[in-house]
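Number of protein chains: 2
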Amino acid sequence: MKEKEFITVIKQVLKSKYIGDDCAHLKDIGIVVSQDNLVENIHFSMDYTDAYKLGYKSAMVNISDIAASGAKPVYLSVGLSLPPNTDEKFIKEFYEGMQNADKSIDIIGGDITGSKNILVSVTAIGKCLNRKISSRKNAKPGDKIIVSGNHGSSAAGLRDLFRGHKNNLTNIHLMPEAQVEFSEKISTNIKRDYAMMDTSDGLMDALEQISQSSQVLMSIDFDKIPYDKSIEKYEDFKDLILYGGEDYQLVACVPEDFRINGYYEIGRVEKGLGIKIDNRTIKNFDNKLFNHFKE
Amino acid sequence: MKEKEFITVIKQVLKSKYIGDDCAHLKDIGIVVSQDNLVENIHFSMDYTDAYKLGYKSAMVNISDIAASGAKPVYLSVGLSLPPNTDEKFIKEFYEGMQNADKSIDIIGGDITGSKNILVSVTAIGKCLNRKISSRKNAKPGDKIIVSGNHGSSAAGLRDLFRGHKNNLTNIHLMPEAQVEFSEKISTNIKRDYAMMDTSDGLMDALEQISQSSQVLMSIDFDKIPYDKSIEKYEDFKDLILYGGEDYQLVACVPEDFRINGYYEIGRVEKGLGIKIDNRTIKNFDNKLFNHFKE
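Chains A and B supply the protein sequences, listed in that same order. Counting from 128, one number per residue, gives the positions in the first sequence under the working numbering. Counting from 128, one number per residue, gives the positions in the second sequence under the working numbering.
Each hint should be verified, as a subset may be incorrect.
Where chains are identical, the list cannot tell them apart; a pair therefore holds if satisfied intra-copy or between any two copies.
What the hints assert, rightly or not - With a straight-line cut-off of 30 Å between C-alpha atoms, the simulated DSBU-like cross-links for lysine-lysine are:
id	residue 1	residue 2
1	K216	K318
2	K154	K230
3	K230	K254
4	K243	K312
5	K154	K259
6	K271	K365
7	K154	K219
8	K131	K243
9	K243	K180
10	K129	K243
11	K180	K144
12	K415	K219
13	K219	K243
14	K293	K142
15	K230	K293
16	K180	K142
17	K254	K138
18	K142	K216
19	K259	K415
20	K312	K138
21	K230	K267
22	K180	K138
Hints in this document: simulated from the structure, not taken from any laboratory.
Next comes chain A alone, as it looks inside the complex (with noise of 0.2 Å):
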């Protein structure tokens, strides 16, 4: 995977204890900063989405980044680069969504310039006040795996807008909401270092994650992954739970003792490496994973 490929050069280049997490933990301020950069035609299309509902996306994004590291979403920045025939109900739509995906968020500015395409890039502030802040370094065999809600929805909604329909599936692809209460949930509750992160490029991708940055092994039980059954309508649905990618749900490896309101028990973390689904070991499904740099 190109993309991993290049972290790996970015880590050797800069040697910064703060690459690995999706978001960077700067302990003297007693803050997490996230960056997600939304490229039109690669991440989204304006065929299928528009002005509201892309700020609305953009700053979710980066909210959910905020919440897998257990901090509160406090402030957003965005860099928008925007085509010469923008007009300006493009970007009071476009500031009305962001505004409106969490209006406890301030909105703090950032740029605006020209380009041949949309660029988003926004920047999310967190405070740690007092809570404990994730990393996928923190799993440990026995911990059980848990999840905030639904896999699979997401990418049916994508196909589903491929296809021209407007439905619950397509709502939740355009306008997802990050898993802000289960994360504080977890952050102010647990005694312990945990591992956590969003489901942004599928709960397969974070699995493997977490497996590498521990070197543990991930057991999971299919059958106790929740979602939608609407999208079984997909004979390949089973692979849109695993790999499909941007539903911004929450997974997260916390000891076996640990109790919040609301959460998906879908397997066990054990000693070993990689992924095990049903007692089977997943092998070689990089290429099943997205990749923007994929020739």
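Following the hints, put chain B in place on chain A, whose structure we already have.
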């Protein structure tokens, strides 16, 4: 100017107290944050630069924003979108360039995605520490107007690049230096609120922004603006000095009796509105300012 009209719309939608300066000042955390997008074939061309210089300048442009606030630049995050044919060498050199812009600054990660053209969005974080943070709203009649150094070099350098030259001016265009020390001298010594901006969009643009935000008249003595004599080879070098942009110098309005080592006093803040150069009021210069949305 379309960019400014857009910013007016954004202010109306967000009603955010943070929008107005290049940096947002987050007092509850004690930091300032800025974000800038650099877009291929709008802000730069790979015909004239390379990955190392692009990384260097991308960092420096944002370090300059932090310097303009008076804060200490400490962290950079970068969202990088790159064409599918990008190789590891590009990534390596880009990050080496970023790191070498200021080795005291930590690069904390960000995002890497695909794109048709190169897009670099850098977010910079500065610590306020015991420094006084500037705002373009703070200029007062009686203040002296000071700059940190030469204007016009970068714009002349860009012209030289178009002509295939390589010299001191082209270096200044490709690898500018943010005025971090000048900023620190002011913000750690000044006792009163003050206005400061970088001249990334040109000296006149900065003067106009301060004039509008502070509702004051900026009276400039043209002969006192420092510049590199080698730009006199261009007949319109005076326009390059005033409107050229990308010199990343600082312009500040400080009390008459404020002294630091190493600055150029170029004029005075007076009661009124707008800009006077050598006692002549300058009007309607919008068409001379750089505008990415010009069609």
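Structure-based check of each hint:
1. Neither within a single protomer nor between protomers do K216 and K318 lie at most 30 Å apart by alpha-carbon distance, with minima of 48 Å and 43 Å respectively.
2. In this assembly of identical chains, the alpha carbons of K154 and K230 lie at most 30 Å apart whether taken from the same copy (26 Å) or from different copies (20 Å).
3. Proximity of K230 to K254 under the C-alpha cut-off of 30 Å is found in both arrangements, the shortest distances being 16 Å within a copy and 26 Å between copies.
4. Proximity of K243 and K312 under a CA criterion of 30 Å is satisfied in neither setting, with 42 Å inside one chain copy and 40 Å between copies.
5. Within a single copy, K154 and K259 get their C-alpha atoms as close as 12 Å, and across copies as close as 23 Å, so both meet the 30 Å cut-off.
6. Taking the shortest Cα distances, K271 and K365 sit within 30 Å of each other inside one copy (22 Å), while across copies they are farther apart (69 Å).
7. Proximity of K154 and K219 under a CA criterion of 30 Å is satisfied inter-copy only: 27 Å between copies versus 36 Å inside one chain copy.
8. For the identical chains of this complex, K131 and K243 are neighbours both inside a copy (27 Å) and across copies (19 Å), given an alpha-carbon limit of 30 Å.
9. Proximity of K243 to K180 under the C-alpha cut-off of 30 Å is found in both arrangements, the shortest distances being 20 Å within a copy and 23 Å between copies.
10. Proximity of K129 and K243 under a CA criterion of 30 Å is satisfied in both settings, with 25 Å inside one chain copy and 16 Å between copies.
11. Only between protomers do K180 and K144 lie at most 30 Å apart by alpha-carbon distance; the minimum there is 24 Å, versus 35 Å within a single protomer.
12. Only between protomers do K415 and K219 lie at most 30 Å apart by alpha-carbon distance; the minimum there is 27 Å, versus 38 Å within a single protomer.
13. For the homomeric pair K219 and K243, the shortest alpha-carbon distances inside one copy (20 Å) and between copies (26 Å) are both at most 30 Å.
14. When the C-alpha separation of K293 and K142 is checked against a cutoff of 30 Å, the pair qualifies neither within a copy, at 46 Å, nor between copies, at 33 Å.
15. Within a single copy, K230 and K293 get their C-alpha atoms as close as 26 Å, which meets the 30 Å cut-off; across copies the closest is 51 Å, which misses it.
16. In this assembly of identical chains, K180 and K142 lie within 30 Å of each other by CA distance solely across copies; the values are 20 Å between and 37 Å within a copy.
17. Within a single copy, K254 and K138 get their C-alpha atoms as close as 25 Å, and across copies as close as 25 Å, so both meet the 30 Å cut-off.
18. In the homo-oligomer, the alpha carbons of K142 and K216 lie at most 30 Å apart only across protomers (17 Å), although the nearest pairing inside one protomer, at 44 Å, exceeds that limit.
19. Taking the closest pair of Cα atoms, K259 and K415 never come within 30 Å of each other, the shortest separation being 33 Å inside a single copy and 52 Å across copies.
20. Taking CA atoms no more than 30 Å apart as the test, K312 paired with K138 passes in neither setting, with 32 Å inside one copy and 34 Å between copies.
21. Taking the closest pair of Cα atoms, K230 and K267 never come within 30 Å of each other, the shortest separation being 36 Å inside a single copy and 36 Å across copies.
22. Taking the shortest Cα distances, K180 and K138 sit within 30 Å of each other only across copies (19 Å), while inside one copy they are farther apart (34 Å).
In the structure shown, a violation is registered for the earlier hints numbered 1, 4, 14, 19, 20 and 21, in ascending order.
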